[in-house]
Amino acid sequence: MRGDLEWGSIPRLVRSAAERHGGREAVVEGRTRVSYGELGERVERAAAACIAAGVEPGDRVAVWAPNTLEWIVSALGAVSAGAVLVPLNTRFKGTEAAWVLARSRAKLLFITGTFLGTSYVASLRRAEVELPYLEQVVVLGDSAPEDYRTWKDFLAGGDAVPVSLVRARADAVEPSAPSDIVFTSGTTGAPKGAVITHAQTLRCYAIWAELAGLREGDRYLIVNPFFHTFGYKAGIIACLMRGATMVPQPVFNVDTVLANIASERISVLPGPPTLHQSLLDHPARDAHDLSALRLVVTGAAVVPLRLVERLRGELRIGTVLTAYGLSEASGIVTMCRRGDDPATIAATSGRAIPGTEVRVRAEPGEPGEILVRGHNVMQGYFEDPVATAEAVDADGWLHTGDVGVLDAEGNLRITDRIKDMFIVGGFNAYPAEIEQLLGLHPDVADVAVIGVPDGRLGEVGKAYAVRRAGSTLTADDLIAWSRREMANYKVPRSVEFVAELPRNASGKVLKTELRARAEAHAR
Numbered sequence: 001m002r003g004d005l006e007w008g009s010i011p012r013l014v015r016s017a018a019e020r021h022g023g024r025e026a027v028v029e030g031r032t033r034v035s036y037g038e039l040g041e042r043v044e045r046a047a048a049a050c051i052a053a054g055v056e057p058g059d060r061v062a063v064w065a066p067n068t069l070e071w072i073v074s075a076l077g078a079v080s081a082g083a084v085l086v087p088l089n090t091r092f093k094g095t096e097a098a099w100v101l102a103r104s105r106a107k108l109l110f111i112t113g114t115f116l117g118t119s120y121v122a123s124l125r126r127a128e129v130e131l132p133y134l135e136q137v138v139v140l141g142d143s144a145p146e147d148y149r150t151w152k153d154f155l156a157g158g159d160a161v162p163v164s165l166v167r168a169r170a171d172a173v174e175p176s177a178p179s180d181i182v183f184t185s186g187t188t189g190a191p192k193g194a195v196i197t198h199a200q201t202l203r204c205y206a207i208w209a210e211l212a213g214l215r216e217g218d219r220y221l222i223v224n225p226f227f228h229t230f231g232y233k234a235g236i237i238a239c240l241m242r243g244a245t246m247v248p249q250p251v252f253n254v255d256t257v258l259a260n261i262a263s264e265r266i267s268v269l270p271g272p273p274t275l276h277q278s279l280l281d282h283p284a285r286d287a288h289d290l291s292a293l294r295l296v297v298t299g300a301a302v303v304p305l306r307l308v309e310r311l312r313g314e315l316r317i318g319t320v321l322t323a324y325g326l327s328e329a330s331g332i333v334t335m336c337r338r339g340d341d342p343a344t345i346a347a348t349s350g351r352a353i354p355g356t357e358v359r360v361r362a363e364p365g366e367p368g369e370i371l372v373r374g375h376n377v378m379q380g381y382f383e384d385p386v387a388t389a390e391a392v393d394a395d396g397w398l399h400t401g402d403v404g405v406l407d408a409e410g411n412l413r414i415t416d417r418i419k420d421m422f423i424v425g426g427f428n429a430y431p432a433e434i435e436q437l438l439g440l441h442p443d444v445a446d447v448a449v450i451g452v453p454d455g456r457l458g459e460v461g462k463a464y465a466v467r468r469a470g471s472t473l474t475a476d477d478l479i480a481w482s483r484r485e486m487a488n489y490k491v492p493r494s495v496e497f498v499a500e501l502p503r504n505a506s507g508k509v510l511k512t513e514l515r516a517r518a519e520a521h522a523r
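Each residue of the sequence shown is one higher than the last, beginning at 1 in my numbering.
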């Protein structure tokens, strides 16, 4: 397996990919087709521009943009100049983005002009947050306000920087140097920046690519956002390692996914279960040629067995895998292996990746907090030793805040976030487990469960469910069915049907929104 010892750093990986896969397509974006050789040249030009703009090794450079070729080039260019990448969530409002820019003391920002009807430039300028360290803002487009720069102008600024200097800067990046800081809300409070090194990134995603079976020549539709580890590292970095073609998709739209799979002969489609579910259920699915699809990697607390079986049976996808990770552990903790049976893939998130340990603070077979130790655990939260000490103990164990169960084979089943668990008359109820059971109902397309106050039992479950198209399922029907299928304390006492569940850009259900809705309804 190739790993951190071969490349050492992301800049050297980019150059190696350009040399090894020169003429092969690296990125496809509409009519734009960029080979690996061309991508290497574009990244070096962006790195030269960063150097000309005054970026020094260790400086933080942020990218606030959707999945595009420019995201790939600007991010890899900054990292090749020795900078530490700070990806910003595309769902952020201006104030949220400015807070992360201020907290990380970012020196340079690459920003999209308009995305999903929102002007990011205007949103940032409205934010009432002081940004004394932010020296330049580069708009990834053809126009920019007077005090910002266009992408074309920024790149031209680096034309006087010799290639020898760019390569010397790239070669000076140490494996132990930070490659990125991913800001995450963790279990509580304001976002904290998880610091991950080049060596960690390369080792973890060499493992991911090996376990997934990613191949040279694969065509990979990257719907997972680049600001998220799943999109950037299991996407861009893994493709660079294996010589796969990246097809970035800025917005999740199932019609666009279907069109891309057919027209670009997509073979690899990672993403949340909702992506694959909507693909299977789309009325025009059979009008598209999906025969090139061979690899799906998904992950969530709840992956219905029926989804795994349908992907394998109806779409003839040879490899369907599930995985679990979090930003503080480089985005990867456990993963199923090719050859695992469908029940293991659906009910668990697989075993610990090589070189790491996973344990659960509970009696064998019982749910408890998941602890992780190994090469994947972050260096710490950026300039926050107190929060770091709370998350990683003296023995190196990362306390994830997730609840799970380990089986005899070491497979991990996620049952919930610690804060999501609720207690019904003395019994611990885990929403993810209840959601898994409710998802077996043939008329339920999507479901989320929260705990709500109850005068007699303390708390009881409330389900928010999305009906399948054409279904007339009622709340009483689903509750009656639940009483037949699960222990009484797990049965939701109320069901509210919704058109769709609120989700963040990573596909996770926003339980905070559901709790707020339930509280408002109870008043």
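Keep in mind the hints are simulated off the structure, nothing from the lab.
Just so you know, not all the hints are guaranteed correct.
As a list, the in silico DSSO-like pairs of lysine-lysine whose alpha-carbon atoms are at most 30 Å apart [as the list claims (entries may be wrong)]:
#, residue 1, residue 2
1, Lys419, Lys93
2, Lys152, Lys93
3, Lys419, Lys511
4, Lys490, Lys511
5, Lys419, Lys490
6, Lys511, Lys93
7, Lys93, Lys490
8, Lys508, Lys419
9, Lys490, Lys508
Now for the hints, and whether the structure bears them out:
no.	hint	in the structure
1	Lys419 <-> Lys93	26 Å, holds
2	Lys152 <-> Lys93	26 Å, holds
3	Lys419 <-> Lys511	10 Å, holds
4	Lys490 <-> Lys511	18 Å, holds
5	Lys419 <-> Lys490	17 Å, holds
6	Lys511 <-> Lys93	20 Å, holds
7	Lys93 <-> Lys490	37 Å, violated
8	Lys508 <-> Lys419	15 Å, holds
9	Lys490 <-> Lys508	22 Å, holds
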